[in-house]
Amino acid sequence: MSEEHFIVIGNGPAGHHAAVTLRLEAPGARITLISKEPHGGYRPHLLPKWISGNIKEEALYVCPVEEYKNMAIKLRSGQKVVALNPGQKELVLDHKEVLRFSGLIISVGGTPRIPEPLLIFKDILFTLKTLEDARVWREEIPRVDSVLMMGGDLTSLAVTKALLGLGKKVYFMVNEEAFWPLRWSLSLFEEMSHRLQQKGVEVLADQRVKGITRKGDCDYEIQIGRQTVRVGMIGAFFGLTPDVRFLAASGLRLDRGILVDEYLYTGFKGVYATGDCAQIYHPALRDYWVSVGHDNAVELGRTAALNLVGNTVKAGAAGKCIFEVQGIKVNTSWWTEF
Amino acid sequence: MKTSGKVLAEQVKKIGESKVFSIRSPSLPTWCPGCGYFGIHQGLNNAIQRLGLPHHKIVVVSGIGCAGRYPFFTDTYGLHTVHGRTLPVSTGVKLANPELTVFAVGGDGDGLGIGGGHLPHIARRNIDVKYLLFDNSIYGLTKGQPSPSSPVGFKTKASPQGNKDAPLNATLLALSYGASFVARLFAGDPEGITRALVQGIGHKGFSFFHVYTSCVTFDKEYKTWDHLKQWVHPLPAKHDPANLKQAIDEALEDQFSLGILYKRME
Amino acid sequence: MGNQIRYSVEPEDFYYMDVNVPCQAACPAATNIPAYIRALFEGRYDGSYSINHMANILPGVLGRVCSRPCEDKCRHGEPELGRPVNICHIKRAAADLRRKAPPPEPGPLASLGKKVAVAGAGPAGLAAAHDLCTLGVAVTLYEAFEKGGGMLRYGIPEFRLPREVLEEEIDYIAATGAILKTGVRVGIDVPIEDLLREHDAVLLAAGCYRSLRLDLPGEDLPGVYPGLEFMMQVCAGKPPSIGNRVLVVGAGFTAFDCARSALRLGAEDVTICLRRTEEDLAVTKDEAIETKTEGVKIASLMLSRKILGKERVEGVEFVRTRPGEKRGEGKREVVAIEESEFVLPADCVIVATGQRPEPIRLTVGKKGEEVLKADPDSFSSSMKGLYVAGDYLTGPSTVIQAVGMGRRAAEKIIRDLTGKPFREKTVRMEETEITDRKRAWDYVARQEMPTVQPVPERFRIPRTEVETGLSPEQAQEESKRCYLCYLHYEIDIGRCIYCRYCIDVAPRDCIKLVKEVKTNEAGAITGFTETTHWAEVNAIVIDNSRCIRCGECMRVCPVNCITVTKVELTERTAQEGKDHV
Amino acid sequence: MAKVDLTIEICGMSGDGTIAAGGILNEAMSRAGLSVLAFDSYPAEIRGFGRCVTHSRFGDQEMQALSEKTHVLISLDDKESQSRTPFLAKNAVVLFDNKPPSYVEEGTSIAAHVEPDVRLFGMPFTDLAAAASGSTRGRNLAALGGFAVIFGVPPAHFREVIAKKFKAKGEKVLDANLKSFDAGYRYASEAFKERERPVLLLPEPGKDEERILISGNEAVARAALDAGLKLYFGYPITPATPIMEYLAKALPAKGGRMVQMEDEIASIGAVLGSFFAGKRAMTATSGPGFALMTELITHGVMSETPAVIINAQRGGPATGMPSKTEQSDLQAAVFGGPGDSARIVIAPTNVRECYEFTLMSFQLAERYQTPVIVLTDFFLNNRVEKVKIVGASEAQREDWNLYPDESSRGQYERYRVTESGISPRAIPGTEGFLFDATGLEHTEKGRPDYSSEIHSKMTEKRHRKIRGALNDLPEPVEFSSGEAMDVGVIAWGSTFGSALEAVLRTQQEGMKVGALKMMSLFPYHAEAIRAFMKKCKEILIPELNYEGQLANLVGHLHGKDVVRLNRTTGMPMSPTLIYERIKTLI
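Protein chains in written order, with my numbering: chain A, 1 to 338; chain B, 1 to 266; chain C, 1 to 581; chain D, 1 to 586.
By construction, these hints were calculated from the structure, which means they are not laboratory data. Be aware that a few hints might be false.
[Unchecked claim] When the alpha-carbon atoms are kept at most 20 Å apart in a straight line, the in silico SDA-like pairs for lysine to any residue are as follows:
1. B:K6 <-> C:G523
2. C:K100 <-> C:T140
3. D:K535 <-> D:R564
4. C:K480 <-> C:Y443
5. B:K19 <-> C:G43
6. A:K168 <-> A:Q197
7. D:K167 <-> B:D219
8. A:K129 <-> D:K535
9. B:K19 <-> C:A535
10. D:K172 <-> C:D436
11. D:K583 <-> D:R530
12. A:K199 <-> A:S52
13. D:K99 <-> C:I503
[Claimed, not checked] Here are a few chain B residues that face chain C, going by a calculated C-beta distance under 8 Å:
14. M1
15. V12
16. K13
17. P26
18. P33
19. G34
20. C35
21. G39
22. Q42
23. L95
24. G188
Beta carbons: idealized from backbone N, C-alpha and C, even for Gly.
Whenever a hint applies, use it, and build me the whole structure from the sequences.
Structure below.
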C-alpha cells in the first residue's frame with residue numbers, strides 16, 4: 001500500500017474531507033492536498049456570518065495548518081494545478097512541477113458565475129466565494145449604507161441576512177437564472193420576494209439591467225427596466241460555475257463541470273471528481289446538476305474518497321433540510337437559516 | 001550539411017567503444033561553460049589515449065587557480081599543490097618515481113607570477129616533466145585581475161586605468177631558460193595539442209607547452225575566442241625545431257605561431 | 001561556405017521531416033509553411049503567396065476558411081512554449097498584402113496531347129484542373145451551378161468568405177487554360193459515357209450536397225430546414241423567413257454558419273443544440289468564441305427526438321445524453337438517458353448534421369442505376385479512365401483535404417496517361433547561414449485577428465466580413481513568432497571540445513549530454529541515452545525535436561562546430577530534376 | 001521593539017548573479033533608510049558549481065549579528081535553495097521562478113519543500129528577463145523587481161543602485177538590466193494583489209544621511225587612504241582582493257599607486273622597503289599569503305621596521321576554504337615566524353572597527369617600529385554594514401615616528417637602547433644619520449654581533465618596546481551589570497557580535513551574565529582580563545577555530561579551566577548556539 005500516492009486538488013469542504021477520509025481508509029498511502037489559496041481549509045458557508053461579525057476568523061478554519069502535518073497530509077497551499085493527464089496519471093503545477101499519482105480526487109469547486117450580458121460590469125461587481133472575497137466585503141461594507149443584491153443563489157440569502165443584521169438598506173433583484181441549472185418557478189419567486197420584503201428588503205422584479213454608472217467612490221446608479229437605484233455596492237450572486245478550464249486538454253468529459261457517474265467516477269481509472277465541480281445527472285430534474293451547499297460537499301468528498309479506495313458508494317444529496325424549487329427537493333442546510 | 005541519423009549514431013557508438021573518454025573523471029568539470037580548458041583537457045586526453053598510457057602510471061600536479069582543479073577531472077593520480085609550487089613539487093614526484101608520466105598544469109598567474117622563479121631551474125635540470133601553461137592572461141579564480149602575461153592597457157577591476165606592467169613571453173622565457181622541448185598551442189585546436197603532446201611525452205626531458213586559451217567570464221576584450229582564432233596560425237613550414245636560435249627568433253617576432261618551436265635532439 | 005545542396009528520398013529524411021516540421025506534416029497539402037512565413041517576414045508578400053500557391057491553389061480562400069490542422073501541431077503551441085503561431089492568418093495576410101497579379105506558374109510543359117474532363121469546380125476539381133493544365137493537359141471543367149467554387153460559394157456565407165477573393169483565385173486557375181462550363185450536370189445533362197469517349201480521362205469531384213436527415217417525426221414540417229439548403233438559400237440571397245426563436249441541431253462549421261446567419265436574419269434567440277459537449281466541437285476554438293460573443297447560446301448533452309407543431313414547427317422534444325465510450329479514434333458514443341425528455345419551444349429548426357455525396361448514376365450497366373465504387377488511395381474507380389476525388393469520394397471533409405486530394409488525383413491521372421511519374425516528393429537540404437531570429441521574439445504575444453466591433457455593427461450589413469485581416473505590422477510581428485523549424489542545427493562531434501557553452505545558453509533542454517543515439521530501422525534519430533557521468537558523455541547532441549531554432553548555441557560555440565542546414569520537404573518534377581522551389 | 005527586523009536570503013548557483021543581486025538589495029534597502037547587516041557566502045568555483053547565499057538583515061535599529069530565522073527567501077535556483085528552507089520563519093515569504101525552462105520532476109521545485117504557512121510568490125524571472133532584454137542574464141534583477149513590489153520598497157532606490165553598479169559595464173548592459181528590473185516590477189504589480197503584499201513600514205527617508213553602507217574590505221581601504229597611504233603592494237587572494245581593487249581605483253587620484261606584485265613575499269618586502277624609506281605602505285592577504293610573509297615580518301621585528309599587514313582569515317589550513325570564514329590564524333599572527341618575534345596584533349569585531357583599527361595601525365607601526373597585523377575574517381571583510389565614517393582627524397593622521405634629535409647627528413646609533421625600548425629612527429636621505437638596518441642580531445649601532453649579552457639585551461629591548469604599546473592599544477570592553485556574574489563570555493573578531501546578542505538575550509531573561517570584547521590580541525591587557533574573570537564563576541570563550549586559540553592565549557589568567565565553544569563550520573557562529581551553551585553553565 002505504501003507506494004500509493006493519492007492527490008486531492010482543492011481544499012474546500014469536499015477536498016478537505018476527501019483527504020481526511022483517504023487518510024483513515026489508507027493509512028500507508030502518501031497523500032498530497034493541493035490548494036490554490038494560501039491558507040488551510042475553511043468553511044465557505046460561514047463567510048457571511050464572519051462578514052456580519054457574528055463569528056471570528058478562527059471559527060472559519062476547519063483546522064490549524066499544522067494539523068495537516070500531524071495527519072501526514074502534505075498540504076501544498078498557494079499552488080495551482082494547470083494541467084492533468086489522467087491517462088498517464090500525472091498532473092502539472094503552475095510552476096511546471098510534475099506530480100504523479102495512483103489515485104486522484106478533483107474537488108476544485110466553482111467560481112462565481114456572471115451571465116454574459118453583465119460581463120462588461122465585471123470589475124465593479126462584488127462576488128463571494130473565497131476567504132479573500134470575504135475580506136474585501138468586510139472592508140467595503142462599513143463604507144456603504146445600501147447594497148444591491150443581484151441573482152438570488154443561496155449565498156445571496158445568507159449575505160442579505162448579514163447585511164440586514166448590520167443595518168444596511170438592501171435591494172434584491174431576483175434573477176431567474178440565478179440557480180443553474182434550476183429555473184425559478186413563479187410560486188417560488190413570490191414566496192422568496194415575500195420573505196425578503198418581510199425582512200425589509202426592496203425586491204426589484206424586472207431583471208433587465210440597462211446600465212450601471214459610477215457616480216463616485218462607493219456610489220453607483222443602476223438602471224433596471226424603467227427604475228433607477230442608487231447604492232454604495234453591487235453584489236453578484238448567480239451561483240457558481242465549476243472551475244474546470246485547466247482540464248480542457250485532459251481528456252476528461254466536461255460540460256459545465258466534470259461529467260461523472262453516480263459513483264463520482266470520471267471514466268479514468270483511479271480518477272474521481274466531487275463537490276461543486278462534479279456534474280451529476282439528476283433524474284428528478286431531468287438535467288445535470290452540481291451539488292450546492294457545505295453539507296453536500298462534505299458528503300460528496302467522503303463518498304469520492306471511499307470509492308477511490310475501492311468501495312461503491314452512491315453519491316447521495318445529503319444535507320439537513322429540503323429546499324423546494326419547482327417542486328424538486330434539493331437537500332441543503334442553508335435554507336432554514338434564513 | 002545535415003548528417004544522417006544512421007551516421008551520427010554510428011559515430012557516437014564508435015566513440016563509446018573506443019573508451020577514448022575513460023580518462024575523464026565521473027563528475028562534470030566546474031570550469032565555466034565555454035572555457036578554453038575544455039579544449040586543452042580534450043587534447044591531453046587524446047594524447048594519453050593515443051599513447052595508451054596506463055592511467056595509474058600518470059600523475060597530474062597542479063597549482064592554484066582554475067587550472068588547479070584539473071586533476072579532479074581526470075582519471076589519474078593528482079596532486080593539487082599550493083600557489084606557484086607546481087614545478088618543484090613535480091620535480092620531487094618525477095625523481096622519486098621515474099616510470100610515472102608526470103604532467104604539471106597551471107595558469108599564467110601560477111606559472112609566471114608567484115611560480116615564475118621555478119621555471120628556469122626545472123628547465124636547466126631538464127627533469128622529464130610535461131608542463132602545460134594555460135595562458136589566458138588573467139587571474140580568473142579571484143574574479144579578474146591582470147596577470148604577468150596581460151598586455152599593457154588591459155582594463156580590469158584591479159587595473160581601472162589599464163595594466164601598466166609589460167607582459168612576459170612565456171615561450172621566449174622557456175627557450176632562454178634552456179628548456180629542451182618547447183611548443184606553442186591553442187585551446188581551440190585540440191588535435192594540435194594532441195599531436196604536440198604525443199611528441200612531447202616521447203621526448204625524454206622537460207617539455208614546455210605554452211597553450212593560449214580564453215577566459216569567457218572575465219576577459220571580454222583581449223584573449224577572447226574571436227581574437228585568438230584570428231591571431232593564431234601555424235609555424236612557417238620551413239621552421240626547423242632543432243635550431244634553437246631560429247626558435248628564439250620565431251618566439252621574438254611572432255607571438256602567435258603554433259607548433260613545436262624547439263626540440264633538442266639528445 | 002558555398003551553399004551546397006543535396007536531395008534525398010531516404011525514408012529516414014521523410015521521417016525527420018514529419019517529426020521536425022510538424023505543421024507541414026499535418027497539412028493535407030503539405031504546404032512549406034516555414035518558407036512562406038519567412039518570405040512574409042522578409043516583406044516578400046508575392047514570394048510568400050507563390051510558395052503557398054504551389055501546394056494549395058487557393059491561399060486567399062484558405063487563409064479564411066481553413067480548419068488549420070497545422071496550428072494544432074505547431075511547436076510554439078507546446079504546453080511549455082505558449083500558443084501556436086497564427087499560420088492561417090499569415091497565409092491570408094500574404095494574399096491580402098501582395099500585388100494583385102496571377103502567381104507564377106511552372107508554366108505549361110510541352111502539351112501532352114491529352115484531354116481530361118473534370119466534373120465539379122469545387123476545391124478538389126479546381127486543384128486537379130490547375131495541376132493538369134500546368135502540365136500540358138487540355139482540361140474542361142463542368143460545374144452544375146451557375147458559378148464555380150462549389151461549397152466555397154454555396155456552403156460558406158459571405159461574412160466568412162467574400163466572393164471577390166474566391167473569384168480572383170478561380171480566375172487564376174482559368175488563366176492556366178482550363179475551360180469552365182457552368183450549369184452542366186455531369187451524369188444528368190451529360191452522360192459520363194460521352195465524356196469518357198471524348199476525353200482520355202474523367203475526374204468526378206462533384207462534392208456532396210445531399211443533407212443528412214435526422215429522420216425524426218415532424219422533420220418535414222414547414223420551418224424545418226436542412227443545414228446545407230438553408231445556407232444555399234442564404235448564399236443565393238433568397239433567405240427563408242425564420243422568426244425569433246431558432247434551434248440549430250449540429251456541431252460542424254455548417255451548423256455554426258447557420259446560427260450566425262440566423263442572427264443576421266434578425267432572430268433574437270438562437271441556440272445550437274449539441275448531442276455531446278463543447279469539447280467535442282469540430283470547429284476551431286476561435287469560431288466558438290466568436291459565435292458566442294455574437295449572442296448565440298450553446299446547449300449540450302441533448303439529443304433531438306421529435307419535432308413538434310401542427311401547421312408549423314413549434315418546438316423540439318429532446319432527451320438528455322450521457323457520453324459513452326470512445327469508438328477508437330473517432331468521437332464518443334452518445335447514450336440517451338431514459339425518461340429525460342424535455343421540450344424547447346422554437347419558431348425555426350435547422351438540421352445541420354452533415355452531408356453525403358449525391359451518387360452519379362451510370363446509364364451503362366444492367367440496372368441503369370449502377371452506383372460508382374472508388375478507391376480512396378488511387379482515386380481510380382471501377383471504370384477505366386474514370387477517377388473520383390474530393391468530398392465526392394470521401395464524404396464531407398475539410399477544404400484543405402479536398403485541395404490535397406485534387407492535386408494527388410491529377411498526379412495519378414498523369415502517371416496513368418503517360419506511364420511516368422511527373423512529380424516526386426523529396427527532401428531538399430541546403431547549407432545556410434544562421435537567421436537573425438532573436439530570443440526575445442519567442443515572447444512576442446500572439447497577434448489576434450481584428451474583428452468588426454461592436455457586435456451589432458456586423459449585423460447592419462450582413463455580408464460584411466467579420467475578420468478584417470492582420471495589418472502588415474501585425475503580420476510581421478506574428479511571423480517573428482515562427483521558429484522556422486525547417487532549419488536543422490547540428491554539432492560536428494569531431495570538432496566539439498565538450499565545453500557545454502551551448503547548453504549554458506540553451507533556452508530549454510534541447511542540447512543533451514549523450515551516451516548513445518537511438519535510431520529506428522529507417523535510421524532516423526528517435527531518442528538518446530543521456531548521462532551526466534562525464535566519462536560516458538560520448539557526444540553533445542542537439543535534440544531537434546526539442547530545439548526551437550533560436551541559434552544561441554551557434555552564436556557562442558568557441559570552435560564554430562555548429563552548422564545550420566535548411567531541410568525542406570518539397571516537390572520536384574521527376575523528368576528534369578528541376579525543382580519548384 | 002523594532003518596527004522592521006527582516007532577514008532576507010537570496011540563494012542560487014554560482015553564475016546566477018546571486019551575489020550581485022544581494023549587493024543591489026543591500027544598497028537599495030539602505031537608501032530606503034534601513035540599517036543593514038549583510039554577508040554573502042559563495043563557493044570557490046566561479047560558475048556552475050556550489051551554492052551562493054546572500055544573508056541580509058534589515059532593521060530600523062543597530063544590529064550585532066545575523067539572525068538564524070529567514071523571513072524572505074528569493075530562490076534563483078530551486079535545487080540549491082532547498083537547503084535554506086529549514087531556516088524559514090513562520091509565514092515566511094518565498095519568491096521563486098515559476099517558469100523554469102522545462103518541466104521538473106516532483107520535489108525539484110522549492111514549492112515542494114516549504115511548510116503550508118509559507119507564502120509563495122511565483123514569477124517567471126527567466127522569461128521576463130529574456131523578453132525584456134533578450135538575455136536571461138537579468139533574471140536576478142527581475143526577481144528584485146518582484147521583491148520591491150511585494151514589500152513596497154520604492155523602485156527608484158533599486159534603479160539608482162543598478163545604474164551606479166552597471167555604469168562601468170557600458171550602456172547596453174545597463175539598459176538590459178534596467179529593463180529586466182522594470183519587467184519584474186511591472187509583472188509583480190499586476191500579478192500580486194495589494195492585499196497580499198506584506199508591505200514594510202519604512203522609516204522616513206533622509207533620517208541618517210551620514211551613515212554609509214560599506215563592507216569590511218572597503219572600510220580597511222578607506223582607512224588606509226585617510227591615513228595618507230601612498231603605496232599599496234598586494235597579490236590577488238580571496239577574500240582580500242577587493243581591498244587591492246578599491247585602492248587601485250582610489251590611489252592614483254591621491255598621487256599614490258597600487259602595485260600588484262608577483263606574490264605575497266614580494267608584497268611584504270615592498271611594504272618594509274617603503275616604510276624603511278619613510279613612506280607609509282600596506283598589504284592585505286589571507287592565510288596562505290600570510291604564511292609566505294612570516295619570514296619578512298620577523299625581519300621587520302628584528303630590524304625594527306614598521307609595516308601594516310591585513311590578514312583576512314579564511315577556512316584553513318593550506319588552500320582550505322577560500323570563500324568561508326574562520327578565526328584560525330590567531331596563533332600564526334601572534335607567534336608566526338622564527339625566533340622571539342613579538343609584534344602588535346589587533347582584531348576588529350565589526351566594520352566600523354575595521355576602519356578605526358586600520359587607521360590606528362599606521363601610527364602604532366611607526367611609534368613601536370614594528371609590523372602591525374590587523375586580523376579580520378571572511379565574514380568581516382565581506383560583511384556590509386551601515387556605519388558612520390567621519391574620516392581621520394589631524395591627530396589620527398599624524399606621523400608617530402620618533403625622529404633622532406640634533407644632538408645625535410654625526411654619532412647616530414639607530415638601535416640605541418632607551419627606557420621605552422623605542423630607538424629614534426632616522427629616514428634615509430637625511431644627512432648625518434647614516435645607518436644599516438639588518439636582520440642579523442646587532443649592536444645599538446646596527447653592527448652585526450652574535451655575543452650573548454648583545455642578543456639578550458637587544459631581545460629584551462625589543463620585547464619591552466612592544467609591551468609598552470599596551471597603553472596605546474584598545475582596552476578590552478566589558479558589557480555587564482558590573483557585579484559578580486555566573487558566566488562571563490570573552491570573544492574576539494566577528495564572533496563577538498553573536499556573543500553580545502546571546503548575552504543581551506540572557507540578560508533580558510534576568511540572568512547574571514556579561515561579555516568582554518577582546519580587541520588587542522598581542523600584547524594583551526592581562527590585568528583587565530584577570531579582573532573581569534574574577535567576577536565570573538565560569539568563563540566561556542566562543543571562537544571559530546578547533547583548538548580554541550584565544551583560550552590558549554589568555555585562558556591561564558582565569559586560574560581554572562575556561563569553557564571553550566569551538567566551531568569550524570566555515571559559517572559565522574550563531575547567537576543561539578552561544579545562548580544555549582550559556583544556559584548550560586548557569
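Tested hints:
1. Taken as a hint, the K6 of chain B and G523 of chain C pair is honoured in the structure, with Cα atoms around 5 Å apart against an allowance of 20 Å.
2. Proximity of K100 of chain C to T140 of chain C is assessed by CA-CA distance (about 26 Å); at most 20 Å being required, the pair is judged violated.
3. Of the pairs offered as hints, the one joining K535 of chain D and R564 of chain D holds, with about 18 Å between alpha carbons and a cut-off of 20 Å not exceeded.
4. In summary, the hint linking K480 of chain C to Y443 of chain C is supported, as the alpha carbons are separated by about 10 Å, within the 20 Å threshold.
5. For the proposed pair K19 of chain B and G43 of chain C, the alpha carbon gap of about 52 Å is over 20 Å, so the pair is violated.
6. Pair hint K168 of chain A plus Q197 of chain A holds up; C-alpha atoms about 14 Å apart against a cutoff of 20 Å.
7. A hinted pair counts as satisfied when its Cα atoms are at most 20 Å apart, and K167 of chain D with D219 of chain B qualifies at roughly 18 Å.
8. Note on K129 of chain A and K535 of chain D: the hinted pairing is violated, with a Cα-Cα distance of about 66 Å set against a maximum of 20 Å.
9. The hinted pair formed by K19 of chain B and A535 of chain C meets the criterion: a straight-line CA distance of about 9 Å does not exceed 20 Å.
10. Restraint check for K172 of chain D and D436 of chain C: satisfied, since their Cα atoms lie roughly 19 Å apart, inside the 20 Å limit.
11. Distance restraint check for K583 of chain D and R530 of chain D: the Cα-Cα separation of roughly 23 Å exceeds the 20 Å cut-off, and the hinted pair is therefore not satisfied.
12. For the proposed pair K199 of chain A and S52 of chain A, the alpha carbon gap of about 16 Å is at most 20 Å, so the pair holds.
13. About 18 Å separates the Cα atoms of K99 of chain D and I503 of chain C, which keeps this hinted pair within 20 Å; it holds.
14. Contact between M1 of chain B and chain C, as hinted, is supported at the beta carbon level, the nearest pair being about 6 Å apart and thus within 8 Å.
15. The criterion of a C-beta within 8 Å of any C-beta in chain C is met by V12 of chain B, whose closest approach is roughly 5 Å, and the hint holds.
16. Annotation: interface hint on K13 of chain B holds; nearest CB of chain C at approximately 7 Å, less than 8 Å.
17. A least Cβ separation of about 5 Å between P26 of chain B and chain C falls short of the 8 Å threshold, and the interface hint therefore holds.
18. Interface restraint check: P33 of chain B against chain C, minimum CB-CB distance 4 Å, threshold 8 Å, status holds.
19. Given the 8 Å rule on beta carbons, the hint for G34 of chain B holds: about 3 Å separates it from the nearest Cβ of chain C.
20. The beta carbon of C35 of chain B is positioned within 8 Å of a beta carbon in chain C (closest approach about 6 Å), and the interface hint is therefore held.
21. Nearest Cβ of chain C to the Cβ of G39 of chain B: about 4 Å, under the 8 Å cut. The hint holds.
22. The beta carbon of Q42 of chain B comes within 5 Å of a beta carbon in chain C, closer than 8 Å, and the hint placing it at the interface holds.
23. The interface hint given for L95 of chain B is broken, as the beta carbon of that residue sits about 31 Å from the closest beta carbon of chain C, more than 8 Å.
24. Annotation: G188 of chain B was flagged as interfacial toward chain C, and the flag holds, the nearest CB pair being 5 Å apart, inside 8 Å.
Hints 2, 5, 8, 11 and 23 from the list above are not met by this structure, while the remaining hints are.
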